[in-house]
Amino acid sequence: MTENEMTSNDSTEPTPTTETAASSPDPSGDPLIEQSIDVEGTDATAGETGKPVIESSDLNVFYGETQALQSIDLAIPEKQVTAMIGPSGCGKSTFLRCINRMNDLIDAARVEGDLYFEGKNVYDADVDPVALRRRIGMVFQHPNPFPKSIYDNVAYGLRIQDQTENIDEKVETALKRAALWDEVKDQLDKSALDLSGGQQQRLCIARAIAVDPDVILMDEPASALDPIATSKIEDLIEELAEEFTVVIVTHNMQQAARISDKTAVFLTGGELVEFDDTDKIFENPDSQRVEDYITGKFG
Amino acid sequence: MATREPETGWHGENSDVNHLRGRAFEATCLAATAFGLVSVMLLLLFVANDAFRPFSADAGWLATYAATVVVPLAALAVYYYRLDEPAGEVAYVTSGLPVVGLLLTGGFAVLFIELLSVLEWFALLISLVVAGGLIVAHGRLRPKAALERLAVVLLAPIITVFGLPPTRFNWFVTDAAAALGLDFGLYYRVISLREAILMLPFVPTDWVMLLLTLVLPIAGAAGWFVEQRRESRRDGLTVVGLTTAVAVLGVVAGPLLGIGTDVWLLIVTFAVLPLGVYVEGVLRRGEGVRGLAFPVVAVLGVVVGGVVTGALGFAGPDPWLDWGFLTSATSRTAADAGIYPAMVGSVMMIIVIVLTTFPVGVGAAIYLEEYAPSQGLMGKFVTLIEINIGNLAGVPSVVYGLLGLALFIRVLQWPQGSIIVAGLAVGLLILPIVIISAQEAIRSVPDSFRQASYGMGATRWQTIRQVVLPEALPGILTGTILALGRAIGETAPLLMIGAAASVRLAPNSFFDVASMMPRQIFSWSSELDPSFRHGVLAAGVITLLAVLLVMNATAIVIRNRYQRTG
Ligand SMILES: Nc1ncnc2c1ncn2[C@@H]1O[C@H](COP(=O)(O)OP(=O)(O)OP(=O)(O)O)[C@@H](O)[C@H]1O
Ligand SMILES: [Mg+2]
Chain A
1 MTENEMTSND
11 STEPTPTTET
21 AASSPDPSGD
31 PLIEQSIDVE
41 GTDATAGETG
51 KPVIESSDLN
61 VFYGETQALQ
71 SIDLAIPEKQ
81 VTAMIGPSGC
91 GKSTFLRCIN
101 RMNDLIDAAR
111 VEGDLYFEGK
121 NVYDADVDPV
131 ALRRRIGMVF
141 QHPNPFPKSI
151 YDNVAYGLRI
161 QDQTENIDEK
171 VETALKRAAL
181 WDEVKDQLDK
191 SALDLSGGQQ
201 QRLCIARAIA
211 VDPDVILMDE
221 PASALDPIAT
231 SKIEDLIEEL
241 AEEFTVVIVT
251 HNMQQAARIS
261 DKTAVFLTGG
271 ELVEFDDTDK
281 IFENPDSQRV
291 EDYITGKFG
Chain B
1 MATREPETGW
11 HGENSDVNHL
21 RGRAFEATCL
31 AATAFGLVSV
41 MLLLLFVAND
51 AFRPFSADAG
61 WLATYAATVV
71 VPLAALAVYY
81 YRLDEPAGEV
91 AYVTSGLPVV
101 GLLLTGGFAV
111 LFIELLSVLE
121 WFALLISLVV
131 AGGLIVAHGR
141 LRPKAALERL
151 AVVLLAPIIT
161 VFGLPPTRFN
171 WFVTDAAAAL
181 GLDFGLYYRV
191 ISLREAILML
201 PFVPTDWVML
211 LLTLVLPIAG
221 AAGWFVEQRR
231 ESRRDGLTVV
241 GLTTAVAVLG
251 VVAGPLLGIG
261 TDVWLLIVTF
271 AVLPLGVYVE
281 GVLRRGEGVR
291 GLAFPVVAVL
301 GVVVGGVVTG
311 ALGFAGPDPW
321 LDWGFLTSAT
331 SRTAADAGIY
341 PAMVGSVMMI
351 IVIVLTTFPV
361 GVGAAIYLEE
371 YAPSQGLMGK
381 FVTLIEINIG
391 NLAGVPSVVY
401 GLLGLALFIR
411 VLQWPQGSII
421 VAGLAVGLLI
431 LPIVIISAQE
441 AIRSVPDSFR
451 QASYGMGATR
461 WQTIRQVVLP
471 EALPGILTGT
481 ILALGRAIGE
491 TAPLLMIGAA
501 ASVRLAPNSF
511 FDVASMMPRQ
521 IFSWSSELDP
531 SFRHGVLAAG
541 VITLLAVLLV
551 MNATAIVIRN
561 RYQRTG
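Protein chains in written order, with full-length UniProt numbering: chain A, 1 to 299; chain B, 1 to 566.
What the hints contain is simulated information worked out from the structure, not anything from laboratory work.
Note that the coordinates shown come from a computational prediction; the quantities given were computed from them, not determined experimentally.
Treat the hints with caution; some may be incorrect.
Taking lysine-lysine and the DSS-like style, the derived pairs with C-alpha atoms no more than 30 Å apart in a straight line are [claimed, not checked]:
no.: 1; chain 1: A; residue 1: K120; chain 2: B; residue 2: K144
no.: 2; chain 1: A; residue 1: K176; chain 2: A; residue 2: K148
no.: 3; chain 1: A; residue 1: K176; chain 2: A; residue 2: K190
no.: 4; chain 1: A; residue 1: K148; chain 2: B; residue 2: K144
no.: 5; chain 1: A; residue 1: K148; chain 2: A; residue 2: K190
no.: 6; chain 1: A; residue 1: K120; chain 2: A; residue 2: K185
Rough simulated footprint, nothing fancy, chain B against chain A, three-plus residues with beta-carbon under 8 Å [unchecked claim]:
no.: 7; segment: 94–105
no.: 8; segment: 198–209
Glycine included, each C-beta is placed from N, C-alpha and C at the ideal position.
One chain only, chain B, in its complex shape (with noise of 0.2 Å):
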């Protein structure tokens, strides 16, 4: 076969075109990209060995770790990755999922120790369902009536959580009631739900209030989830029944065990049963199956490398961040100090927040997106305001303190520093995010099916509703995670509305004045014992990014489950 000889020399680099600059232009970027990297990775790396100090431990116990958990777990991350993509999905998944249950079992624990009396839960929810159950059946008898439905759905809960103010006709049932010996103490006005159950005389115990209103309705929906994938009655009913019946066991046996029967619940319901399910599911599709070696690995490899250090007297590492500074209040001594009071605190403020600022701000957006005029002068008037919610986004965040400080506690006069007062101030700081990523978000839905609705004699609300609002969801949910999390890293406010700098005492109620994680960290910052501001505060500033870290990843993973459309 003749090779061919080229006539001309088109085809390859000449004066014609020029690669040089564009190199140039690529590695430049690419070593912006990597300088930033690097950075950013060394400061972690910094922090994370002054809050960890993992070579605090003997070379022994370091080397037996390796051997037992480091080494063969990436062994066989490796052989994931090279041989077996699916098993590395599986492993991990089965590793995260324990993770993030057990996140989901922490946050309702301090739930149930900080704010609610299991009964108040039990209460609450009853109320709610309750609410729920007269809305869906007011729907149902009368479809047609719209605004007697709005006041249903805006009165039901109200009047099952919270009971109604004090009127005429209260006076005379209360007046009558005590007029004939039976005085409820009901000062006038008529009691909710909720707190008719929180008098009730008789209550069953904490743990049967937990299975009725946490365990069996998440088995439930579990049992109806694998039951509608499989097609089988049958297995959806074996899962509601081996969690029941795990959750059971676990109540009769957890006392020997020194669990309470509480957190057994929870970790039932939040790691046991999503594990079990998905693992079931593995083992049953057969398709990965070797990923649960790697749980099952890294378990063994802690329990043997525990077993082996323990026997030869290696002494482990004395990080800063353990579980007693996750579960303890701050201390005069570094070894003693805490973040737990912080960290309820931030929880409570994120609670607040979330409550006002997202039903505000995803309100405003879509009344400036799907309702607002954008012509003529009253258009001018929206986009100037358009405008100004751009501006107010870059406002430095110490000006919201400072408004927070005037509106909420000069003015309205509520408790400096309570979480009520920075949960607002926080809550006005994000709420230009968080309209504008709605904004975003709504607008991202083609107006095609806009006009497809309209055209079907649509009406406005009925298209916002239907077609829009489900549409932009996942976008408004991760701009609105994103601003959350913008949220619960902000100092400045916190110091302007005067939050503590260190409490002793996790808050339990919105009007307590608590610190925030910042704050605290801020207030370690300034310690003169060096250990604080070394290893105290790296492991504040540690479990900070880990909860961001988890926000944050939970707004990724909405994302990409809902990115397929558009």
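One chain only, chain A, in its complex shape (with noise of 0.2 Å):
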């Protein structure tokens, strides 16, 4: 985490964490803006665990007649990272799916109960998902890269957001925390298409993080990654937890162990087993399932 230190003006400064104006539900808050009132304002309570910023209750997704998760009840902390694990189809994506409203785009996909995001119920009627997304990014489970040059992908959500002051540099600050600037610095008009699986991934971060969102919903981001790759996009997560609430599913139990302050266990039914400290989980979970299954007993 040394590259992102020469840009000065946005928010990759290492500042102490503070205690944001995320606090008071203030829909029209520009992350850059908060930031700095934060830094002038206290910083005591750093450090402490972050009060949850989005919280479900009682949340049921239905596909046509099945239900995918059944009554959850979670409360994300802010500026951490809470992992998400659990066997495959236990509803984990789907999970992450209500969270910006991606379900929308699904015709059979239902959801009742409630999901609040910085105290404003998501679902209601007066929300726009459009503006909920632009607060909170997403990296999908399959790299989906536009057929666009690798400039222009990094480039997509500045463009449409209107933010296009010092395009350039947030271009390459965004490519450098993903890890991937040194390898695609002489070729960004290249298509992006072009580039391997794993590249591909870490475009996709680059293109999520540039446009600076509250929080990062990312869907299996080390899945298509080599073991270095993965490391640095494990490095990427915890620098990013600084000032982003990160949440991230994954396949890998070290990796949850690693890197996440939470851990959720999903189990199949879309049923929420356990939600603790991820220290708790691993340690010594509640449910003999969730042991089961992070022991490898079962899956």
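Dock chain one against chain two, each of which comes alone in its own frame, and use the hints as you go.
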């Protein structure tokens, strides 16, 4: 985490973590402005366990007739890494998509219950999903860069959100943080589809963080990466957690144990079995089923 | 080394593995393919023979040209194919580029002769450029005002091209001007920039206007392209400078050679410029240089053949399809008959179809694919609509002709057999095809692109504009061009709406009564004189097929160019 210190205008400066304006739900708040206000404010509460920024209560999701999530109650703390683990098909991606309302795009999906982001129920009628998604970035399970140049991919979000000042710098910073800059700096005009799968995934991460969202949802961001790139991404995630709230789905137990502060364990059928501090989950889980899953007796 | 003996006979064909049925099936499929291809080829050869009548030439003539053109070119082709593939590609492009360029030249020449004067073209283009400038300027000044922008985008071209209808305000201005003795005869409306240019007392000569509006922009684009490719400003400027120089030279020298200056300028822009840029590139890269021999040999062969046949007094063939056929109107005598007015009619009809069907069809496809609900009652309704669009694509073309007759001629009272009516009737006919193929193209854009875009916080409009449409455009264009190919050959609707059986003068307004190629061909087919039915008809069919071929080739080129992504 050294390159980003060169850019001084954005929020990647290593300022002490502070409690942000997120506590008072201020939908118009621009992350940049919030950050600069906070610096002047108090930093007394730094390091304290974040208060919940995303809270779900009795959240049920149905695909047609089948229920994919069963009454999920979960509170994701601010500026920490929350991991979601569980066997394939247990609804991790579904829960992630609930947070930024990507389920709206699936015709068959129906969401019941409440999910609060900064105190506002995102399923209220007056919430514009577009505004929500501008604050909650997402990296998908399969790399999905646009069939455009590498540069245009990273610049896409900046352009559609009208953040076109210093766009070259922002693109460069994002690519550096995603550990991709050295590989592509000479070929920013090349089509993103000509990159390898792992490079594409890092490009998608760069694309998501370029716009400085408040929350980043990552659906198995490291599944297509080699160990070196994976560890770079893990470093990135830990670094991101200083300023952003990160929610990550992973099938890799060690990864979850390494990088996350909190862990949610989903089990087949779409129920949330246990949600607690990561150390607790991995060392001394309450539920026998969680212990079985983690130790590999059940999958 | 000891050869191994297999212990069991598992490896060969035996009762377990039987290829017989498969082979028989393969042979049947091959036979069906061959039968279809051969019969179509035979038919085409037959028609082409009627149109060109190669065997009406002296044997000596045929032999001479075979020796000077056919044999050398065939030998070269074999050489390229066997030994030098890059040269073959170069040969292909250097022969194809001039042909396409000359076709474009012909198209523009027809445009300037029949539809627009050069001055009108100049005025129209300047107005459009000014409108474009206004739109860009507005985008720069007020990037956030979306509604305002929509108004500017819609209104700027309308005002610069058509002006504004009468309003109180204009009355006032016109009356005030008249009271001051300045009577412009503005009919109480705001005149457009286009009309203002047309009214100018002094206008530049035609060639200057063409140079400004056609040669320089295209040369500039080519120069920019070269500059990008080679990263050399000088090369780009050279392209622009040379093109302009050659163009101006032709304006001076053209009259001496008997070529009109306008035609010369068109040839320079559409044929000489692309060929020059390409040949220069080939020479510089030094790859496939031998391919350049192909067009040279072709031209030399034709010249030498002409000299030899002239010297020895061999008579050439007397084809039905010749320059005279393409440039003259139909006539009572088969020998003088031509297809020119019908060709202009077809081109103008295609213009109407493109301008109406393309926006409507693509708009409908975008709505159905990206906006229309797919669930609930409305979803059912949308499905019903989609099924019916599919059905409409299968409705016989006579029915569309009947629709055109009833709607445009009986109800709207537009002139019977006019180009606008023909274009709209045939446009309705291909509308379902355009919608369906555009839907297909839009559907083939992977959903993951849309998700990525929405996930970044893009609105639906931004997603469509920036991600879906750029990806779908090649497919949409291909589908539309193929549909246009269908449109240009349609006959039944033209009969129903009363397109003229034959006209002597090419139409010069969209409300003129005109004939179109298929309609003209159809009326030749019922002439009593057999040379109409065999010769002229065949020539017309070949012309129509050539136009179709060019359109389909364009579609294929577009498709291949963009196929890589996906
Ligand atoms: N678009 C959809 N339509 C219908 N059912 C779906 C859809 N997406 C997911 N499901 C169902 O919902 C359940 C949960 O799926 P989800 O993708 O959330 O699982 P996951 O935990 O992310 O699995 P994995 O680890 O394999 O990615 C699965 O049973 C799946 O079949
Ligand atoms: Mg998943």
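#### Entry: List of violated hint numbers, smallest to largest
Violated hint: only 6; rest satisfied.
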